[in-house]
Each structure stands twice: as C-alpha cells, then as structure tokens.
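Model the placement of chain F on the given structure of chain E, informed by the hints.
Chains as they are written, first to last, in UniProt numbering: chain E, 1 to 301; chain F, 1 to 301.
Worth double-checking, as some hints may not be accurate.
If chains are identical, the list can't say which one is meant, so a pair holds when it fits in one copy or spans any two.
[Claimed, not checked] In silico SDA-like pairs for lysine to any residue, Cα to Cα no more than 25 Å straight-line:
(1) K32 with E135
(2) K231 with T150
(3) K32 with V205
(4) K245 with P195
(5) K32 with F53
Since the hints were derived computationally from the structure, they do not count as laboratory data.
There are 2 protein chains.
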Amino acid sequence: MSNTNTALNRNDNQIDLYPSRIHDKPTITSRKDPVVYPDAGFTGPLSKEQLDFFERNGYLFLDSFFSEEETAGLKEELNKVWQESADRRVPEVIREPGGDEVRSVFAVHRDNEIFRELSRNSRIVGAVQQILGSEAYIHQSRINFKPGFTGKEFYWHSDFETWHVEDGMPRMRALSCSVALEDNYAYNGALMVVPGSHKHYISCVGRTPDENYKSSLRKQIYGVPDNDSLKWLVEQGGIEMPTGKAGSILLFDCNIMHGSNSNITPYPRSNVFMVYNSVENKLVAPYSGQKPRPDYIATRD
Amino acid sequence: MSNTNTALNRNDNQIDLYPSRIHDKPTITSRKDPVVYPDAGFTGPLSKEQLDFFERNGYLFLDSFFSEEETAGLKEELNKVWQESADRRVPEVIREPGGDEVRSVFAVHRDNEIFRELSRNSRIVGAVQQILGSEAYIHQSRINFKPGFTGKEFYWHSDFETWHVEDGMPRMRALSCSVALEDNYAYNGALMVVPGSHKHYISCVGRTPDENYKSSLRKQIYGVPDNDSLKWLVEQGGIEMPTGKAGSILLFDCNIMHGSNSNITPYPRSNVFMVYNSVENKLVAPYSGQKPRPDYIATRD
Numbered sequence: 001m002s003n004t005n006t007a008l009n010r011n012d013n014q015i016d017l018y019p020s021r022i023h024d025k026p027t028i029t030s031r032k033d034p035v036v037y038p039d040a041g042f043t044g045p046l047s048k049e050q051l052d053f054f055e056r057n058g059y060l061f062l063d064s065f066f067s068e069e070e071t072a073g074l075k076e077e078l079n080k081v082w083q084e085s086a087d088r089r090v091p092e093v094i095r096e097p098g099g100d101e102v103r104s105v106f107a108v109h110r111d112n113e114i115f116r117e118l119s120r121n122s123r124i125v126g127a128v129q130q131i132l133g134s135e136a137y138i139h140q141s142r143i144n145f146k147p148g149f150t151g152k153e154f155y156w157h158s159d160f161e162t163w164h165v166e167d168g169m170p171r172m173r174a175l176s177c178s179v180a181l182e183d184n185y186a187y188n189g190a191l192m193v194v195p196g197s198h199k200h201y202i203s204c205v206g207r208t209p210d211e212n213y214k215s216s217l218r219k220q221i222y223g224v225p226d227n228d229s230l231k232w233l234v235e236q237g238g239i240e241m242p243t244g245k246a247g248s249i250l251l252f253d254c255n256i257m258h259g260s261n262s263n264i265t266p267y268p269r270s271n272v273f274m275v276y277n278s279v280e281n282k283l284v285a286p287y288s289g290q291k292p293r294p295d296y297i298a299t300r301d
Numbered sequence: 001m002s003n004t005n006t007a008l009n010r011n012d013n014q015i016d017l018y019p020s021r022i023h024d025k026p027t028i029t030s031r032k033d034p035v036v037y038p039d040a041g042f043t044g045p046l047s048k049e050q051l052d053f054f055e056r057n058g059y060l061f062l063d064s065f066f067s068e069e070e071t072a073g074l075k076e077e078l079n080k081v082w083q084e085s086a087d088r089r090v091p092e093v094i095r096e097p098g099g100d101e102v103r104s105v106f107a108v109h110r111d112n113e114i115f116r117e118l119s120r121n122s123r124i125v126g127a128v129q130q131i132l133g134s135e136a137y138i139h140q141s142r143i144n145f146k147p148g149f150t151g152k153e154f155y156w157h158s159d160f161e162t163w164h165v166e167d168g169m170p171r172m173r174a175l176s177c178s179v180a181l182e183d184n185y186a187y188n189g190a191l192m193v194v195p196g197s198h199k200h201y202i203s204c205v206g207r208t209p210d211e212n213y214k215s216s217l218r219k220q221i222y223g224v225p226d227n228d229s230l231k232w233l234v235e236q237g238g239i240e241m242p243t244g245k246a247g248s249i250l251l252f253d254c255n256i257m258h259g260s261n262s263n264i265t266p267y268p269r270s271n272v273f274m275v276y277n278s279v280e281n282k283l284v285a286p287y288s289g290q291k292p293r294p295d296y297i298a299t300r301d
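So here's chain E without its partners, still in its complex pose (with noise of 0.2 Å):
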C-alpha cells in the first residue's frame, strides 16, 4: 500500500512521521521526539527526579496536588455539570454505549469558569513547560464521568494515534493532566497506564470512516492496538495503576498506552482531562486526509 495520501492537503513538506490505519498490518516503531525538554529554560513545581521519572516512564502521579478546599470546589462545579448536562442535547455531551448516561463533556476550559480557570492553574500550567519544553495551550479537555455500577471500560489506547491521524496533531509534544475529583481505588475504574510504552508507536489497521469521532467517543474502534502489540509492551514495562485522594492529579505523555476497566462499584469516578500541546507543534491538516474533528474535541486558531 502506497504512502501517497500521507502528504495530502498540507501546507507545508512535513512528512508523516507516525503513520497509522494505512497498512494491513501493525508496526511498533520508535518515538522520533523527546519526551521532556530539560534545557529549554523552563523553570517550575517539578524536580529533576521526576522530571527523570517522566521521561522513563512517560507518566507522574501527584497525590494531593490540590487541597481539600480547593478540590471541594472543583467537585462542586462538576456535580453542577454533570446535571446541566444531564438534558443538554449537544455535540459535547457524550453519553455511555447503549445508554443515556453522560460519559463526558467536552471543552470545559472553554465553557466553563472554574475549568477555565483551572486549565491555567499555575503550578499546572509550570509543570506542562518544564516538561514540553516550551508554552502550551489547551489542545482539548474534557471532564470524565464514570458512574457507580454501570462504568464500562475505555480500551486501551494512545492518544496520540487518533490526535495525530484525525486532528493532524504532527509531533509528540503533548501531554495530558487528570484531575482526579473522587477519591481513586484499584476497583473503581483507575487509569492503567503501561510504563515505557510512550517510547514506541503501535501503527493501528483499519481505515478511519468519515466522522469517526461521532461513535468514536463513546467507544473506540479505530486506533485501537493489536494484542501482540499490546502484550510486547506489557512485557517490556508492566502496568500500574496510579491512585489516591481526590485532588490527586496525573500528568501523562500523549503517546503512553493506557486504559481503564469497568466499574461496577458504587463509587462513582469522574477526573478533569485537560490536553496541553505545544505552542511549537500545532495542528496541520488531519493524517487521515479527512476533514479536521469539531473545535470542540480539538482546537484550532
């Protein structure tokens, strides 16, 4: 299968460095970007030892992050969003596969004060530059309900894969910060993150259909890694499953494979996703060669 669609619609003679849903077979191929910019000047909360951490692992857990007062706050505002969102019949509302319960919500840094304000928190905001290397912006965020009894999994991933090939996000400089706002167990649905696997990228088979996302958000089938691939990774870096106190936030690379299963606890779980990519990498024209995903999921200036 020929590479011809790789360089199509963009402005400019970027190849493309991580080709997925081309071929009939998946790849690993390594990462071609750093995953932390040490000498760029940045200065902020993070020491170098878990800036070293990051790097290797390609995540880093903060228990506490955020006092009780101030998650307090924050957990009032989401109950207050998830029941507005409850009969808002609107594109960033997602609700559950096969239900009618709100999964997430999309663009709260933009719709929302609180999450405004939160999104440009300054020991959150210090830690994205240390670690990308440079300023950032809100590539997308969204807050994550996962309710008591009924949670359904989120398979494993990388974000990366799906920004890169649907939103045209072209290089690794990105990174995700979760907010946990309820308390996080091993059995309520955590994140799963496998250390080290942000180092290699799993290409994905199957070609993306027009206005995947529409399904796309309440379950994933395209960009989803094979087993083989999925259990090499495993072999090389095993799985954790950071947890702890409401206010705990999770800083994690864009391209670390990760995942959550289900939840059938009645400890509900709900985190605030907020997506920081580089001033110095920002979107050019969907990999896929299709039609660039809403403002809403990704942003675009």
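Chain F only, in chain E's frame:
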C-alpha cells in the same frame, strides 16, 4: 403479594427463611444462620484467628496455599480443559456474552480426574469442615476463564440468593473455595468482596423466568441486588480485593456480596471454583416453585 408459593412442592414443613424474587420492593433482612460452627469439634488447618476473621468478614484469603509445583500441575490441566472446551458444544461449557470465547466450564469435579482430586484435597476439606461444622459435599464446581483483553465483568451477587431460589438450598451453610491459577492483580478483574455483607440478606426483585440458567450463566439479570442495597452494604463494610500469586485460595461464604470488573489487560485470570455445602443442608425443591436446575449446576443425589 402472598407467600403461598414458598411451601409448594416440598415434602417438609420448612418455611422460606430467605424469600427473594417475590416482592415488588427489595428488602434487607438479617442472616438467620451461623457463619462458623466452632463448637462442632472439627479440626483442620485454620487457626482461631482465621475462623474469627471468616466469621466477621465472610471470607478468608490464603496466599500460596498450594506450592509452585502443585499449582503448575493444576494450571496445565486447566489449559487442557480450556483447549478441549473450545469446540465442545455441551451445556457444561458456557461462553462469553455476545461472543464465542469460553467463560466457564461446569462440573469439573465430576468430569476431570485432577479437579476431582482437588475437590477432595485434605487441607481444603479440613478448612471447609471447620467452618461449616459438618461434613460437606460439592454443590457445584466450575472453572472461570477470564481471558485477557476481553474478559467481561461479573456483576454483584450473593451466590446463596440464586442457590436458594433456583436450586432449593434451604439455609446459609455453604461456602466457595476459589483456587487462583494465574497471578491475580488489582487490574485483571480480581474478585471484589464486601466484608460483612454475608450477615445481611438482600431480597431481589423480579420473578425468575423458566430455565433462567440458560442465559444467567452468561449474564445475570434476575437475582441482581438493587443499587440502594449495594450502596448500604458498601457503606458498612467497604470493598476488599484480595490478590496474590497463583496457588492462593479464597474461601468465601455463600451469602457474601461479590463481583468483579472487566479485564482489558493482557493477563488472563482463571480460577477453579468449588462450592461445598453442608450435608445437613441438602437441597429441597427450588423456592421459586420451578423445575430444579440440571445436576451439572447443582448436585442432587
């Protein structure tokens, strides 16, 4: 709604101490049977502390109960059963909901020499007799296969509720022994229990359809506890998820509330379950008034 059906089809004067699937609203009542019979004179491998723990919490986890060598032998046999079952279209082989992968194989204590021996293991039988205060027989045995990547959840349930309603087990005087044949982690769908829940009986809503077992073993719809009762139980006792190496065993009371989340990790999770029922507690006609389930699910002599 009257209780007239509870005494139908039985040749004794027993009344139904644990009615379920009869009323329109769920109820929580107290257990009417002892959990442990310390004065029955049986000796065995369990200490007084361990028996007290079981009485209080409804379960007991014994790490590395079997040696590595013993465990390897059992695992080899399990793999054999798994392979043989793939194409065996018999009632004993249950497949995943919405799939063809083998989920459980029943009656392995009856059909397989190695697992028959396991069910008669003197240390297990010793522990069982210490708890139940009598001799015991195998009410049910099965292997549960929870394959990597796709293993689905088992929703919360009390085994006793089903055994009582559908099999006619009169009293709470039975327990399960689950032998782990893979390492159990917090993230590969380990069994979760609600400590102390075995002292309460949740009466469920909804009448049992005929031959319910034909679908309930894939996905349980009747005999499912309501959210409010589950929340109440978890508020009292929390959730524990005993994990350990292959070769560990978990003993748990017939009425403890338990379940497990899905397993998207590459690590499979397989266990042998053996249910021991006191010889003083033999089955009568099902309390649903319906035809008993077949012998491979519930032993009758």
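Now for the hints, and whether the structure bears them out:
no., hint, in the structure
1, K32 with E135, "within (21 Å within a copy, 66 Å between copies)"
2, K231 with T150, "between (27 Å within a copy, 13 Å between copies)"
3, K32 with V205, "within (20 Å within a copy, 57 Å between copies)"
4, K245 with P195, "both (21 Å within a copy, 22 Å between copies)"
5, K32 with F53, "within (19 Å within a copy, 54 Å between copies)"
Checked against the numbered hints listed earlier, the structure breaks none of them; every hint is satisfied.
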